[in-house]
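> One line per chain: the protein sequences are A and B, in this order. Once you know that position 284 of the first sequence is 284 in the working numbering, the rest is easy, because the numbers rise by one and skip nothing. Once you know that position 79 of the second sequence is 79 in the working numbering, the rest is easy, because the numbers rise by one and skip nothing.
Keep in mind the hints are simulated off the structure, nothing from the lab. Note that the Cβ used here is the ideal one computed from N, Cα and C, for glycine as well. Hints are supplied without guarantee of correctness; some may be wrong.
[To be verified] Computed list of lysine to aspartate or glutamate pairs in DMTMM-like fashion (alpha-carbon distance at most 25 Å, straight line):
hint	chain 1	residue 1	chain 2	residue 2
1	B	Lys116	A	Asp440
2	B	Lys267	A	Asp90
3	B	Lys267	A	Glu99
4	B	Lys116	A	Asp490
5	B	Lys33	B	Glu245
6	B	Lys165	A	Glu42
7	B	Lys165	A	Asp77
8	A	Lys414	A	Asp440
9	B	Lys33	B	Asp93
10	B	Lys267	A	Asp219
11	B	Lys116	A	Asp627
12	B	Lys116	A	Asp454
13	B	Lys116	B	Glu187
14	A	Lys414	A	Asp234
15	B	Lys165	A	Glu393
16	B	Lys165	B	Asp87
17	B	Lys33	B	Glu5
18	B	Lys267	B	Glu187
19	B	Lys267	A	Asp408
20	B	Lys116	A	Glu173
21	B	Lys267	A	Glu472
22	B	Lys116	A	Glu544
23	B	Lys165	A	Asp40
24	B	Lys33	A	Asp570
25	B	Lys33	A	Glu99
26	B	Lys165	A	Asp440
27	B	Lys116	A	Glu393
28	B	Lys33	B	Asp196
[Claimed, not checked] Listed next, with one range per pair, are the computed distances between beta-carbon atoms:
hint	chain 1	residue 1	chain 2	residue 2	range
29	A	Asp440	B	Pro155	48 to 58 Å
30	B	Pro155	A	Thr572	48 to 58 Å
31	B	Ser181	A	Arg98	54 to 64 Å
32	A	Pro133	B	Ser250	55 to 65 Å
33	A	Val481	B	His70	53 to 63 Å
34	A	Arg236	B	Gly57	16 to 26 Å
35	A	Arg236	B	Asp127	39 to 49 Å
36	B	Ala124	A	Asp485	48 to 58 Å
37	B	Ser250	A	Glu258	35 to 45 Å
38	B	Pro155	A	Glu689	44 to 54 Å
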Amino acid sequence: MRTDRPAPEGLFAHSHGAGHRPPDGAGPHRPPGAPAGGADFEPDRARLSLGYRILSGRAGQLVAFDTSPTGRAVPPDADALYLPSHPPADPHHGLAGREWYRVAVVHRALHHLLGSFAIPGDEPADDETRHRPPLLRFTARFGSPALALKIFLTLEDLRVDAAARRLLPGLAESYRLACHQELHERPPLTMLPARDALAEALVQFSIGADGVVAPRDLDPALARAVPAARALLDPRATVGATLAATIRVYDLVLGLPERAAYRSGRAVRFDEFAGDAEQAPGSPSRAAAGPVTFYPVAFRDFVGESGGAPDPESRLPVTQPVEWLDASTAPGPDGPDGPRRRRSQLRHPPGATEPAPAEGARPAAVSRPVIGPLVPAAGVAVARRLVPTGPHEYVYPEWDGVAGRYLDGHCLVKVARAPLARSQHRLRAARARHAGLLPDLVAALERLQPAGRDVVRRQRHGADVDLDAAIEAMIDLRSGVVPDDRVYTDTQQRRRDVAVAFALDLSASTAEALPPDPADPGADVTRAIDVEREAVSLLIQALERVGDAYGIYGFSGAGRDDVRLSVVKDLTERRTTRTMLRLEGLTPDRNTRIGAAVRFLTEQLTRTDAASKVLFVLSDGRPYDLDYGQQYGEEVSIPYALADTGRALDEARRSNVTPYLVTIDADEADYLSYVSDPHEYHAIGDARELPGALAELYVAARASAVRGVAAGNLR
Amino acid sequence: MPIAESAPYYRPVGDEVQLFLAAYAQRIPVLLKGPTGCGKTRFVEYMAWRIARERDGNGPDEPLLTVTCHDDMTASDLVGRYLLSTDGTSWLDGPLTRAVRTGAICYLDEVVEARKDTTVILHALTDHRRMLPIERLGTTVRAHPDFLLVVSYNPGYQAVAKDLKPSTRQRFTALEFGYPSPELEAEIVAHESGVDPEVARTLAFLGDRLRNLDGAGIIDGPSTRLLVYVGQLIGRGIPPRRACESALVSAITDDVDAQDAIRDVAKAVFDA
Numbered sequence: 001m002r003t004d005r006p007a008p009e010g011l012f013a014h015s016h017g018a019g020h021r022p023p024d025g026a027g028p029h030r031p032p033g034a035p036a037g038g039a040d041f042e043p044d045r046a047r048l049s050l051g052y053r054i055l056s057g058r059a060g061q062l063v064a065f066d067t068s069p070t071g072r073a074v075p076p077d078a079d080a081l082y083l084p085s086h087p088p089a090d091p092h093h094g095l096a097g098r099e100w101y102r103v104a105v106v107h108r109a110l111h112h113l114l115g116s117f118a119i120p121g122d123e124p125a126d127d128e129t130r131h132r133p134p135l136l137r138f139t140a141r142f143g144s145p146a147l148a149l150k151i152f153l154t155l156e157d158l159r160v161d162a163a164a165r166r167l168l169p170g171l172a173e174s175y176r177l178a179c180h181q182e183l184h185e186r187p188p189l190t191m192l193p194a195r196d197a198l199a200e201a202l203v204q205f206s207i208g209a210d211g212v213v214a215p216r217d218l219d220p221a222l223a224r225a226v227p228a229a230r231a232l233l234d235p236r237a238t239v240g241a242t243l244a245a246t247i248r249v250y251d252l253v254l255g256l257p258e259r260a261a262y263r264s265g266r267a268v269r270f271d272e273f274a275g276d277a278e279q280a281p282g283s284p285s286r287a288a289a290g291p292v293t294f295y296p297v298a299f300r301d302f303v304g305e306s307g308g309a310p311d312p313e314s315r316l317p318v319t320q321p322v323e324w325l326d327a328s329t330a331p332g333p334d335g336p337d338g339p340r341r342r343r344s345q346l347r348h349p350p351g352a353t354e355p356a357p358a359e360g361a362r363p364a365a366v367s368r369p370v371i372g373p374l375v376p377a378a379g380v381a382v383a384r385r386l387v388p389t390g391p392h393e394y395v396y397p398e399w400d401g402v403a404g405r406y407l408d409g410h411c412l413v414k415v416a417r418a419p420l421a422r423s424q425h426r427l428r429a430a431r432a433r434h435a436g437l438l439p440d441l442v443a444a445l446e447r448l449q450p451a452g453r454d455v456v457r458r459q460r461h462g463a464d465v466d467l468d469a470a471i472e473a474m475i476d477l478r479s480g481v482v483p484d485d486r487v488y489t490d491t492q493q494r495r496r497d498v499a500v501a502f503a504l505d506l507s508a509s510t511a512e513a514l515p516p517d518p519a520d521p522g523a524d525v526t527r528a529i530d531v532e533r534e535a536v537s538l539l540i541q542a543l544e545r546v547g548d549a550y551g552i553y554g555f556s557g558a559g560r561d562d563v564r565l566s567v568v569k570d571l572t573e574r575r576t577t578r579t580m581l582r583l584e585g586l587t588p589d590r591n592t593r594i595g596a597a598v599r600f601l602t603e604q605l606t607r608t609d610a611a612s613k614v615l616f617v618l619s620d621g622r623p624y625d626l627d628y629g630q631q632y633g634e635e636v637s638i639p640y641a642l643a644d645t646g647r648a649l650d651e652a653r654r655s656n657v658t659p660y661l662v663t664i665d666a667d668e669a670d671y672l673s674y675v676s677d678p679h680e681y682h683a684i685g686d687a688r689e690l691p692g693a694l695a696e697l698y699v700a701a702r703a704s705a706v707r708g709v710a711a712g713n714l715r
Numbered sequence: 001m002p003i004a005e006s007a008p009y010y011r012p013v014g015d016e017v018q019l020f021l022a023a024y025a026q027r028i029p030v031l032l033k034g035p036t037g038c039g040k041t042r043f044v045e046y047m048a049w050r051i052a053r054e055r056d057g058n059g060p061d062e063p064l065l066t067v068t069c070h071d072d073m074t075a076s077d078l079v080g081r082y083l084l085s086t087d088g089t090s091w092l093d094g095p096l097t098r099a100v101r102t103g104a105i106c107y108l109d110e111v112v113e114a115r116k117d118t119t120v121i122l123h124a125l126t127d128h129r130r131m132l133p134i135e136r137l138g139t140t141v142r143a144h145p146d147f148l149l150v151v152s153y154n155p156g157y158q159a160v161a162k163d164l165k166p167s168t169r170q171r172f173t174a175l176e177f178g179y180p181s182p183e184l185e186a187e188i189v190a191h192e193s194g195v196d197p198e199v200a201r202t203l204a205f206l207g208d209r210l211r212n213l214d215g216a217g218i219i220d221g222p223s224t225r226l227l228v229y230v231g232q233l234i235g236r237g238i239p240p241r242r243a244c245e246s247a248l249v250s251a252i253t254d255d256v257d258a259q260d261a262i263r264d265v266a267k268a269v270f271d272a
């Protein structure tokens with residue numbers, strides 16, 4: 001159907017609109033399901049995670065340990081980086097919260113860079129110990145493994161942070177401020193039991209204290225412990241040196257009394273204990289010791305559930321991934337108030353007599369049922385005609401299946417650029433996940449190349465001389481005129497003559513979390529919108545390779561006067577790096593008025609000169625909008641919307657555009673099957689299969705188009 | 001490219017020099033695989049210089065002919081074409097034909113970019129026949145005994161959508177290239193850029209760390225070449241952080257989060 005005003009060629013050729021504003025609380029940074037007002041590190045989550053990966057070579061996921069005690073689900077191949085949701089307040093020293101988090105993440109990354117967990121010379125003694133992490137096999141050789149672990153971690157933190165200052169001089173000032181901040185909150189040694197006091201002295205030495213106020217009776221132990229720790233500041237110190245120092249310090253701790261008593265203290269400087277480190281005993285002591293408290297350092301330690309005392313194992317990669325959230329409490333679609341629960345109550349449209357097709361199956365060739373009963377149109381007011389008010393607004397009619405007529409000027413489609421996401425991490429990961437599909441897809445599409453080659457004349461380069469052009473050039477030469485240098489012929493493969501538009505449903509329901517993948521329980525929560533993007537992203541790579549023209553659009557709506565069309569890539573545009581950032585930037589937004597979107601994209605496709613025009617509509621359910629049939633009553637809205645959608649699809653076919661509808665809703669009753677030709681409708685039972693399924697569908701659609709072109713050429 | 005007086009700078013990473021010489025001795029075509037900017041082209045230049053030196057002036061004036069392949073390249077671009085002049089038409093040999101006739105090394109860089117109907121002309125050259133059919137002349141040129149074909153490509157970038165046909169791939173012996181170790185890369189960066197060795201070591205450390213993002217598919221590289229550019233800018237007085245911003249952060253990715261993370265690490269390794 002014609003619009004009231006023709007769309008200009010090359011949408012956005014001269015404009016760079018900002019696109020639709022995402023709904024409050026949504027945005028490309030916010031992980032799915034993350035509450036608004038989360039941890040202070042949320043705005044920098046991606047940046048910090050990437051920084052961790054750069055330094056450590058490992059994937060890391062930030063977890064706010066103090067607000068999600070059961071933990072955010074961490075993929076099994078990523079390290080959990082437990083951090084407080086708010087950094088320590090620092091009114092005096094000027095260390096910004098963002099810098100504090102950088103120091104904390106860098107500290108964790110450098111443990112891996114410097115091999116803290118690569119214990120040398122470790123040989124599992126037996127089958128029982130073979131499966132334990134190397135560090136825990138080492139500490140198990142002590143009489144009190146937990147104490148040995150705490151000593152090791154404190155000394156290794158010292159070695160790592162010293163190396164951090166050497167390797168990362170640009171971060172030295174932030175490190176210094178973070179350590180200085182810690183020193184203001186330390187417990188006094190004179191109030192601690194002797195063993196705890198030695199532990200605290202070592203911690204303070206490790207965060208750069210010049211000295212401590214220590215009881216005199218601690219001097220002999222300090223005189224031996226401090227040199228052992230100082231040796232780890234040497235740039236040549238490895239984790240082996242830390243192991244030796246751990247054995248030495250463990251013995252020193254055992255040599256101190258356990259009882260608690262206040263003692264007077266004196267200020268000592270650590271550089272008073274200047275001797276060389278002693279030779280370590282050959283093997284760890286088997287003598288046991290009671291608990292010794294190592295008070296935490298905020299940027300290093302995860303303060304676990306043990307009342308503020310550090311839980312060192314939580315900082316190691318030895319712990320298992322956090323238990324997944326209980327599905328019954330998950331804020332997903334299966335909850336008591338979840339949208340799927342509400343939609344299941346609308347499982348069958350009123351009056352429909354045909355059973356729903358089996359999940360995932362293409363519907364059999366059935367005659368289209370009457371959508372009804374329909375309410376008589378008497379008494380319904382005539383809606384006003386809409387008029388475009390801006391350069392990228394287009395008005396389309398709508399089919400009123402109740403009245404049996406078109407409503408002219410009924411829908412206003414507003415076209416805008418999709419917003420740019422900051423990064424395309426998710427799409428990159430998706431492309432890597434589906435990379436195995438791409439070679440076969442490209443090969444299948446290449447086999448569908450139109451047969452034969454065309455000779456192109458008057459080229460600047462080519463295999464043969466264009467005789468006509470050469471004769472003209474010779475004449476020009478002999479006449480003293482500068483000849484045209486296009487005197488060759490070349491052969492080119494016949495142009496692929498297909499234009500395809502992908503329309504992605506951006507209604508709010510596409511933001512609902514899909515059920516967890518039983519094959520990959522640790523995977524990030526996935527939504528329908530994510531799967532739609534992944535599927536299109538995969539296909540783009542193949543289309544670029546074989547040269548099909550394509551456009552990518554997202555559609556949603558908030559009433560007939562606000563049908564939103566987000567342009568990722570227009571049909572006539574070349575793909576750029578921004579294409580993928582716009583695809584990543586598509587944001588779920590309200591409702592699904594499919595009819596108007598189909599009409600707009602049909603018009604775009606008919607403006608191309610491609611011999612074959614294909615429209616793919618990816619949706620997660622039925623069409624629905626605020627005023628999409630509700631003028632006749634809520635119970636008529638479904639059949640009304642389906643009727644208009646079906647009519648729009650018919651209009652597309654009459655315009656030589658072949659529409660394909662792909663729905664990824666496993667629970668619903670395949671509403672769209674009622675308004676589609678059977679071979680054009682496909683239901684994907686498991687949304688995660690969409691990338692592969694869409695690739696197959698495209699090959700089939702492409703093959704059909706090639707056959708159609710060939711048949712036309714033969715006539 | 002005519003023979004240079006002094007050897008092009010190249011620091012071997014493994015046994016690639018010995019392997020190439022052995023392949024050359026048998027005139028086995030060579031395929032170089034590796035990421036961008038890791039030294040493939042410099043290696044070929046070095047080997048061509050070395051082989052030319054060993055021939056002691058008895059080789060061609062141009063011991064190495066390099067062609068950068070692209071998907072608009074036709075067979076004529078390699079083999080040759082007729083040109084028009086006031087006297088009529090004349091045949092001009094393409095770089096491949098010149099190398100075949102004179103006994104030079106012909107180096108096809110990024111060979112997977114070329115169309116498959118172009119690369120198929122290499123088949124007769126790269127098996128026991130060692131001949132180049134030239135349809136336009138109606139002749140077949142037998143390869144000079146010293147002719148060698150060398151090709152290269154970047155498997156990481158192109159592997160998913162483009163690849164050599166098996167019938168083409170299996171006519172070559174392959175040498176895998178990667179980025180050098182940080183110690184060796186520091187030497188290379190210091191030599192090529194003229195920057196202070198300490199700065200070169202820092203750049204090599206930074207490059208080595210950033211390649212963790214390459215391994216995760218987030219960025220490509222950075223290449224040794226890029227680190228040399230940063231060093232060159234620093235050597236010209238640009239503050240290190242600014243040089244990294246220009247020649248590294250902005251060059252390597254448009255992804256804002258990745259840029260921020262790279263910038264953070266670059267600022268951490270340099271304090272100015």
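> State for each hint whether it applies.
Structure-based check of each hint:
For the hint linking B:Lys116 to A:Asp440, the alpha-carbon distance of about 17 Å falls within 25 Å, and the restraint holds. A C-alpha spacing of about 23 Å is found between B:Lys267 and A:Asp90, which places the hinted pair at or below 25 Å, so the restraint holds. Our distance criterion of 25 Å between C-alpha atoms is met by B:Lys267 and A:Glu99, whose separation comes to about 12 Å. A C-alpha spacing of about 16 Å is found between B:Lys116 and A:Asp490, which places the hinted pair at or below 25 Å, so the restraint holds.
Distance hint between B:Lys33 and B:Glu245 is unfulfilled; the C-alpha atoms sit about 29 Å from each other, more than 25 Å. Under the criterion of a C-alpha separation no larger than 25 Å, the hint pairing B:Lys165 with A:Glu42 is inconsistent with the structure, at around 47 Å. For the hint linking B:Lys165 to A:Asp77, the alpha-carbon distance of about 35 Å lies beyond 25 Å, and the restraint is violated. Taking the CA atoms of A:Lys414 and A:Asp440, the gap is about 38 Å. The hint is violated against a cut of 25 Å.
Distance check on the hinted pair: B:Lys33 and B:Asp93 sit about 28 Å apart at the alpha-carbon level, beyond 25 Å; violated. With a C-alpha separation of about 41 Å, the suggested pair B:Lys267 and A:Asp219 falls outside the 25 Å cut-off, and the hint is violated. About 56 Å separates the Cα atoms of B:Lys116 and A:Asp627, which puts this hinted pair outside 25 Å; it is violated. With a C-alpha separation of about 17 Å, the suggested pair B:Lys116 and A:Asp454 falls inside the 25 Å cut-off, and the hint holds.
A threshold of 25 Å between alpha carbons decides the hint, and for B:Lys116 with B:Glu187 the separation of about 39 Å lies outside it, so the pair is violated. With a C-alpha separation of about 65 Å, the suggested pairing of A:Lys414 with A:Asp234 is violated against the 25 Å cut-off. A distance of roughly 49 Å separates the Cα atoms of B:Lys165 and A:Glu393; the hinted pair therefore is violated under the 25 Å criterion. For the hint pairing B:Lys165 with B:Asp87, the CA-to-CA distance comes to about 42 Å; that exceeds 25 Å, so the pair is violated.
Proposed proximity of B:Lys33 and B:Glu5 is contradicted: the alpha carbons are some 28 Å apart, above 25 Å. A distance of roughly 22 Å separates the Cα atoms of B:Lys267 and B:Glu187; the hinted pair therefore holds under the 25 Å criterion. For the hint pairing B:Lys267 with A:Asp408, the CA-to-CA distance comes to about 61 Å; that exceeds 25 Å, so the pair is violated. Straight-line distance between C-alpha atoms of B:Lys116 and A:Glu173 comes to about 57 Å, which puts the hinted pair past the 25 Å bound.
Of the supplied pair hints, the one linking B:Lys267 and A:Glu472 is violated, its CA atoms being roughly 63 Å apart against a limit of 25 Å. Distance restraint check for B:Lys116 and A:Glu544: the Cα-Cα separation of roughly 17 Å lies within the 25 Å cut-off, and the hinted pair is therefore satisfied. For the given pair, B:Lys165 sits about 52 Å from A:Asp40 by alpha-carbon distance, which is inconsistent with the 25 Å threshold. This hinted pair does not check out: B:Lys33 and A:Asp570 have alpha carbons roughly 36 Å apart, beyond 25 Å.
For a cut-off of 25 Å, the pair hint linking B:Lys33 to A:Glu99 is broken: about 41 Å separates their Cα positions. Between B:Lys165 and A:Asp440, the direct Cα distance comes to roughly 14 Å. Compliance with the 25 Å bound is thereby established for this hinted pair. A distance of roughly 46 Å separates the Cα atoms of B:Lys116 and A:Glu393; the hinted pair therefore is violated under the 25 Å criterion. A C-alpha spacing of about 31 Å is found between B:Lys33 and B:Asp196, which places the hinted pair above 25 Å, so the restraint is violated.
Take A:Asp440 and B:Pro155: their Cβ atoms lie about 18 Å apart, and the range 48 to 58 Å is violated. At about 33 Å, the CB distance of B:Pro155 to A:Thr572 disagrees with the hint of 48 to 58 Å. For B:Ser181 and A:Arg98, the Cβ-Cβ distance of about 34 Å falls outside the hinted range of 54 to 64 Å, so the restraint is violated. The given range of 55 to 65 Å is broken by A:Pro133 and B:Ser250, whose C-beta atoms sit roughly 41 Å from each other.
A:Val481 and B:His70 have their C-beta atoms about 32 Å apart, which leaves the hinted 53 to 63 Å range violated. A hinted range of 16 to 26 Å is violated for the C-beta pair A:Arg236 and B:Gly57, which are about 51 Å apart. A hinted range of 39 to 49 Å is violated for the C-beta pair A:Arg236 and B:Asp127, which are about 55 Å apart. B:Ala124 and A:Asp485 have their C-beta atoms about 31 Å apart, which leaves the hinted 48 to 58 Å range violated.
Roughly 60 Å separates the CB atoms of B:Ser250 and A:Glu258, a value that falls outside the hinted 35 to 45 Å. Between B:Pro155 and A:Glu689 the C-beta distance comes to about 29 Å, which lies outside the given range of 44 to 54 Å.
Hint check: violations occur at hints 5, 6, 7, 8, 9, 10, 11, 13, 14, 15, 16, 17, 19, 20, 21, 23, 24, 25, 27, 28, 29, 30, 31, 32, 33, 34, 35, 36, 37, 38; the rest are consistent with the structure.
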